[in-house]
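Visitor: Sequence:
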Amino acid sequence: MTPGSAVSAPPWAWDLDSSADDIVLRLSGSWRMQDHLPSPTEVETELTRASSARRLTFDTRGVTAWDTGFLVFVLNVRDAATSLGLTVDRSGLPEGVRKLLDLAAAVPERDTKRGEPARASSPAWGRRPCLPSRAREP
Numbered sequence: 025m026t027p028g029s030a031v032s033a034p035p036w037a038w039d040l041d042s043s044a045d046d047i048v049l050r051l052s053g054s055w056r057m058q059d060h061l062p063s064p065t066e067v068e069t070e071l072t073r074a075s076s077a078r079r080l081t082f083d084t085r086g087v088t089a090w091d092t093g094f095l096v097f098v099l100n101v102r103d104a105a106t107s108l109g110l111t112v113d114r115s116g117l118p119e120g121v122r123k124l125l126d127l128a129a130a131v132p133e134r135d136t137k138r139g140e141p142a143r144a145s146s147p148a149w150g151r152r153p154c155l156p157s158r159a160r161e162p
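Add 24 to the 1-based position in the sequence shown for the numbering used here, that's all there is to it.
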C-alpha cells in the first residue's frame, strides 16, 4: 500500500446486543452527514435475525457529535423495527433527537395534491379583467 491509500475506520460505530426480549442498538462516535454514515438496511438485516426480541432500545452514550444524518438514520431504524413488530424505546437517544422526533410526529402531514393544476384562490380570478376606477369629474 502506498501512503495515503489506506482506508481509515469510520468515525462512527454501531453494534446490536440481543437478549431474550430486548435488542440494544449501541451507537458511538461522530454521526454527521459528512462522516459517510452507514445504511440503516445493515441494522435492519441484523434486526431480522433477532426474531425472539420484542423491543429495540438505543444506547447513545458514546455518540460524540450528530446532525440530521443521525436523525434520518434513527428514523429509518425505528421504521424498520416497527415494521418487524418491535416496540421502540427512544429513552436512550439524545434529548435533542427525541425532541425533533416528537416535533416531526406532532406536525400533520400535508396533502400537497401534486399533479393537479394550480387553482386560483378566488373563484373570479381570471374571469373578468380588473379595470382601474375612474375619478369623478366635478
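Hints listed in this document are in silico derivations from the structure and should not be mistaken for laboratory results. On a predicted model such as this, the values are computed, not experimentally measured, just so you know. One thing to keep in mind: the hints can contain errors.
[Claimed, not checked] Think about it this way: if two alpha-carbon atoms lie no more than 20 Å apart in a straight line, the pair counts; the simulated SDA-like pairs of lysine to any residue are:
1) 123 <-> 91
2) 123 <-> 102
3) 123 <-> 92
4) 123 <-> 109
5) 123 <-> 85
6) 123 <-> 100
7) 123 <-> 103
8) 123 <-> 89
9) 123 <-> 76
10) 123 <-> 60
Visitor: Does each hint hold? Answer for all of them.
Guide: Evaluation of the provided hints:
For the given pair, residue 123 sits about 13 Å from residue 91 by alpha-carbon distance, which is consistent with the 20 Å threshold. A threshold of 20 Å between alpha carbons decides the hint, and for residue 123 with residue 102 the separation of about 15 Å falls inside it, so the pair holds. With a C-alpha separation of about 13 Å, the suggested pairing of residue 123 with residue 92 holds against the 20 Å cut-off. Taking the CA atoms of residue 123 and residue 109, the gap is about 24 Å. The hint is violated against a cut of 20 Å.
Using a Cα cut-off of 20 Å, the hinted pair residue 123 and residue 85 holds, with the two alpha carbons roughly 17 Å apart. Proximity of residue 123 to residue 100 is assessed by CA-CA distance (about 17 Å); at most 20 Å being required, the pair is judged to hold. Proposed proximity of residue 123 and residue 103 is supported: the alpha carbons are some 17 Å apart, at most 20 Å. About 16 Å separates the Cα atoms of residue 123 and residue 89, which keeps this hinted pair within 20 Å; it holds.
For the given pair, residue 123 sits about 30 Å from residue 76 by alpha-carbon distance, which is inconsistent with the 20 Å threshold. Between the alpha carbons of residue 123 and residue 60 the distance comes to roughly 24 Å, so the proposed pair goes past 20 Å and is violated.
Hints 4, 9 and 10, counting from the list given before, are not met by this structure.
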